[in-house]
Amino acid sequence: MAWTREEMAARAAAELRDGFYVNLGIGIPTLVANHIPAGVQVTLQSENGMLGMGPFPYEGEADPDLINAGKQTITELASSSYFSSADSFAMIRGGHIDLSILGGMQVAENGDLANWMVPGKMVKGMGGAMDLVAGVRRVVVVMEHTERSGAAKLVRRCSLPLTGAGVVDLVITDLGVFQIARHGGGVRLTERAAGVDLEEIRAKTEGAFEVAT
Amino acid sequence: MADKVQTSAQGALDGLLFDGMTIMAGGFGLCGIPENLIAAVRASGVNDLTVISNNCGVDDFGLGILLAGGQIRKMISSYVGENRLFERLYLAGELELEFNPQGTLAERIRAGGAGVAAFFTRTGVGTQVAEGKEVREFDGELYVMERALTADLAIVRAWKGDAAGNLVYRKTARNFNPVMATAGKVTVAEVETLAPIGALGPDQIHTPGIFVDRIVQGAAYERRIERVTTRPRAAAVAREEV
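Those sequence lines, one after another, are chains P and C. By the numbering used here, the letter at position 13 of the first sequence is numbered 13, and the numbering carries on one by one without gaps. By the numbering used here, the letter at position 17 of the second sequence is numbered 17, and the numbering carries on one by one without gaps.
Mixed in with the good hints, there may be bad ones.
[To be verified] Cross-link-like lysine-lysine pairs, in silico, DSBU-like; alpha carbons within 30 Å at most:
1. P:Lys121 <-> C:Lys74
2. C:Lys171 <-> P:Lys124
3. C:Lys74 <-> C:Lys185
Treat the hints as calculated values from the structure; they're not laboratory data.
Isolated chain P, as found in the complex (with noise of 0.2 Å):
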C-alpha cells in the first residue's frame, strides 16, 4: 500500500536530530510537526518572521497578528522569538536552519527541483522557496510519486522552471524513499512503502536510480 500523506510526513519527521531548527513548508510538510518523534526537541522557524512556532490556537483565540508563512493562525512558545522578514532570510541564507521541508512538483536525477510555477496556467509565486533550497543545509522534498495525470515526477531533467538547481537531498514520495546526491552522484532507492513493489516504482519514475542493497 501506499503512504498517506499523514505516513509521508511521519516518515519526513524521522529525519528530524534533537536541537534542529527546521523549517516546514505549505502542505504535507506541515503535517511534519504532528509526528516529531519523541525524545527529539526541534524548534520551527516561520520564514515571516518567527522561531519557535507553537500548535494552532484554540478556537476563538486566533491573533491575528500571529500567523505562520502558510498564513493560517498559531500560538507561540516561551521561547519564542519575533524578527523582520530581512532577519528571518538571514537566518535561511546563512546556513543557520538544520532542515528545510518543502513540497514539489518536479525533481531531477541531479537533484534539480521545480515547485513554484507552471508557465502559462498556475502564478503563485515561489515565496521563500528559492532561499530556502540555496540556504539551508540539508533540503527533503515530500510529494506523491506521480501527478494526477499520472505523469512522473522524479524526471531526468525538470521541464518546470527551478526553484533551485542541485539543491535536494532526499526525496519521500508515497512510494518510497531516495537519497540524491548532490552534483550528480545519482539517485538511490533506499526504502519502499511496505507492499509497494519495485516494479510499480519503476514504471512511475523516469529519472534513473539505483537500488540500495
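We have chain P; now place chain C onto it with these hints.
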C-alpha cells in the same frame, strides 16, 4: 522638530502621491498591512503604480483593492497565490509582475535603505531569477547579483508608535515593515496606538524614528485573518455521576 503626527490617513499622504510612482507596502498576507493607508491610496485615485509588497492582499482587502481599482501597473512580490483577480489580470496581460524570492526581496529592500547598491546571493542561481544578471563565483560557489530597491513612498504598519516616529511591532505583524520603513524616500507609518514620548522605552524600539517621516494612528482596524486555523480543546470525557 518637524511635527510628524498626522490626524488622518488621507492627510498623512497629502502631497506625496503622483501617477507612475513606486510604493512599498509592509505586511505578509493580510498580517501587519497598513490597511488605513492602503484605503487612502485607493480613495486618492492615484494610478499607474508600481507596488512592492510580498503579497497583493486578497480580492477585496489589502492591496487587492488597488488592483480592483485598476491603479496598479506593476507588482514586485514573492507570492500572489491568494488573489484570483491578480492571476486573471496577469494572464490577460493587464498587469506586469516581477517575482522575487522572498529573502531576495527583503534583502534588496534592506540594501536600499542601507545605502548598499547591490549584493550577491546564492538564491536563484541556475533559475529564471538569475537570467540577465551577473553571476560570480566566490570561494567556489556561484552567486547572483541583486540590486537594491527603494521607493518614492513606503507605507508601513506598527502596533505602537510615538511622535518621534519610533515604532514597535507586534508578533509576526512585523515582517517586511521594519525594512520597508528604511527604504522609502518618504515613509509614512500607521500605528494602532500613538503613545506619549518615552512610553515605548528606548531599548524596545524596533524602528528608530529617523526612518519615519509621518505617523498616524489608524482610525479603525479590521485585522482580518486569512486562514483561521484552530485545534479542538481536549474533548471533555463523557461520564455520568454515580
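Verification of the hints:
1. The straight-line distance between the Cα atoms of Lys121 of chain P and Lys74 of chain C is roughly 19 Å, inside the 30 Å bound, and the hint therefore holds.
2. A C-alpha spacing of about 26 Å is found between Lys171 of chain C and Lys124 of chain P, which places the hinted pair at or below 30 Å, so the restraint holds.
3. Our distance criterion of 30 Å between C-alpha atoms is met by Lys74 of chain C and Lys185 of chain C, whose separation comes to about 19 Å.
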